[in-house]
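Participant: All chains should be modelled from the sequences, with the hints used to inform the complete structure.
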Amino acid sequence: MLGAGLVRDADETESNYFLIQYACIVGTISSFAMGVDASGRLFKQKMDELKEYMQWKDITEATRRKVLKYYEIKYRGKFFEEVSAVSFSSNNVSILQKTLLSEMNESLRMEIAAQNCRELISKVSFLKREVGDGRDELFLGRIATSLTACYFVPGDIIVTQGEIGHEMYFIFSGTVDIIVNFKKVASFGDGAFFGELALIANIPRTATVMAGSSCMLYRLTRPDFTSILNEFDDMRMRIDIIYNERMAKVKIEEEARRSTVAKLQVPNLIIPGNEANNEDESE
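The numbering of the sequence shown is UniProt numbering, which starts it at 1 and goes up by one.
It is worth saying that the hints were derived from the structure and are not from the lab.
Glycine is no exception: its CB is placed at the ideal position from the N, C-alpha and C atoms.
Keep in mind that a hint or two might mislead.
Cβ pair distances, simulated, as ranges [unchecked claim]:
1) W56 <-> M237: 44 to 50 Å
2) L68 <-> D136: 37 to 43 Å
3) V250 <-> L68: 28 to 34 Å
4) M237 <-> M47: 42 to 48 Å
5) T160 <-> W56: 40 to 46 Å
6) P223 <-> R65: 47 to 53 Å
Below, simulated DSBU-like cross-link-like pairs (lysine-lysine); rule was C-alpha separation at most 30 Å, straight line [claimed, not checked]:
7) K46 <-> K57
8) K46 <-> K123
9) K184 <-> K263
10) K249 <-> K263
11) K69 <-> K51
12) K123 <-> K44
13) K69 <-> K57
14) K249 <-> K123
15) K44 <-> K128
16) K46 <-> K69
17) K123 <-> K57
18) K249 <-> K184
19) K123 <-> K51
20) K44 <-> K57
21) K183 <-> K251
22) K66 <-> K123
23) K46 <-> K128
24) K44 <-> K69
Facilitator: See the structure below:
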């Protein structure tokens with residue numbers, strides 16, 4: 001009886017051992033399957049966001065295929081990093097754009113950014129580079145990837161008259177009011193830009209710019225612009241010429257202003273010895 005009991009205990013122990021091992025294996029497989037499924041869902045969600053983003057930005061079909069192929073390779077190579085999902089809406093498109101673009105390599109990032117902002121950038125004459133040496137698109141890409149999206153609600157002051165500026169703005173959507181000496185003189189809308197002289201000169205803003213509606217703008221700062229010019233000697237020399245021309249114009253305008261002020265301040269003096277002549281003329 002004792003021997004039979006020992007055999008029975010041994011069988012139960014062995015069965016329990018295999019049950020535990022089986023449970024561990026099943027648990028591991030389940031965890032792996034759940035992980036793969038979660039990763040797959042994240043990848044699909046990321047692709048859906050990316051497709052919607054590129055459709056919204058009207059990215060060309062060729063670039064879309066290139067971007068999607070890049071992500072497919074990145075995912076299959078297990079380089080796809082999990083990030084918190086960001087829903088697509090006008091309020092958080094900047095966050096989504098930053099998240100998506102940050103995961104791309106530099107070449108794709110510049111290509112996407114250049115297509116997004118090409119029309120805006122091309123309207124600023126001194127930001128055009130048409131040398132034909134194969135680096136024109138590179139310059140455009142550098143400018144585009146340096147732009148920062150920013151948002152303003154009606155009534156927000158974007159720049160203030162009289163202050164020294166350090167950035168220019170491109171209007172992606174919305175309207176802004178141009179105010180000079182507390183009087184509205186104009187309104188700018190989609191595709192317009194302002195403050196461009198702040199990139200090349202330390203001169204006061206000539207107007208206050210206030211958001212007339214909810215606005216999405218792109219901002220380019222002088223430090224970023226200067227850094228880009230260090231890579232393009234031809235553009236730096238071109239900007240230097242524009243700067244010198246602008247400063248010469250500012251000097252002429254300032255001298256004319258001072259002359260006008262001086263004339264207004266000088267009284268109409270009577271020259272000694274001419275009093276009698278003045279009296280005779282009055283008679």
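Participant: Decide, hint by hint, whether the structure agrees.
Facilitator: Each hint tested on the structure:
1. At roughly 38 Å, the beta-carbon separation of W56 and M237 lies outside the given 44 to 50 Å, and the hint is violated.
2. Between L68 and D136 the Cβ separation comes to about 26 Å, which falls outside the hinted range of 37 to 43 Å.
3. Separated by about 50 Å at the C-beta atoms, V250 and L68 break the suggested range of 28 to 34 Å.
4. M237 and M47 have their C-beta atoms about 45 Å apart, which keeps the hinted 42 to 48 Å range intact.
5. Take T160 and W56: their Cβ atoms lie about 33 Å apart, and the range 40 to 46 Å is violated.
6. Checked against the hint of 47 to 53 Å, the C-beta distance between P223 and R65 comes to roughly 35 Å, which is inconsistent with it.
7. A distance of roughly 16 Å separates the Cα atoms of K46 and K57; the hinted pair therefore holds under the 30 Å criterion.
8. Distance check on the hinted pair: K46 and K123 sit about 33 Å apart at the alpha-carbon level, beyond 30 Å; violated.
9. Straight-line distance between C-alpha atoms of K184 and K263 comes to about 29 Å, which keeps the hinted pair within the 30 Å bound.
10. With a C-alpha separation of about 21 Å, the suggested pair K249 and K263 falls inside the 30 Å cut-off, and the hint holds.
11. With a CA separation close to 12 Å, the supplied pair K69 and K51 stays within the 30 Å bound.
12. Under the criterion of a C-alpha separation no larger than 30 Å, the hint pairing K123 with K44 is inconsistent with the structure, at around 37 Å.
13. Distance check on the hinted pair: K69 and K57 sit about 18 Å apart at the alpha-carbon level, within 30 Å; holds.
14. Proposed proximity of K249 and K123 is supported: the alpha carbons are some 22 Å apart, at most 30 Å.
15. With a CA separation close to 38 Å, the supplied pair K44 and K128 exceeds the 30 Å bound.
16. Taken as a hint, the K46 and K69 pair is honoured in the structure, with Cα atoms around 13 Å apart against an allowance of 30 Å.
17. Taking the CA atoms of K123 and K57, the gap is about 19 Å. The hint holds against a cut of 30 Å.
18. Between K249 and K184, the direct Cα distance comes to roughly 25 Å. Compliance with the 30 Å bound is thereby established for this hinted pair.
19. For a cut-off of 30 Å, the pair hint linking K123 to K51 stands: about 28 Å separates their Cα positions.
20. Restraint check for K44 and K57: satisfied, since their Cα atoms lie roughly 20 Å apart, inside the 30 Å limit.
21. Distance hint between K183 and K251 is fulfilled; the C-alpha atoms sit about 25 Å from each other, no more than 30 Å.
22. Only pairs whose Cα atoms come within 30 Å are accepted, and K66 paired with K123 is accepted, the gap being roughly 28 Å.
23. For the hint linking K46 to K128, the alpha-carbon distance of about 34 Å lies beyond 30 Å, and the restraint is violated.
24. Proximity of K44 to K69 is assessed by CA-CA distance (about 13 Å); at most 30 Å being required, the pair is judged to hold.
Consistency with the previously given hints fails for numbers 1, 2, 3, 5, 6, 8, 12, 15 and 23, ordered from lowest to highest.
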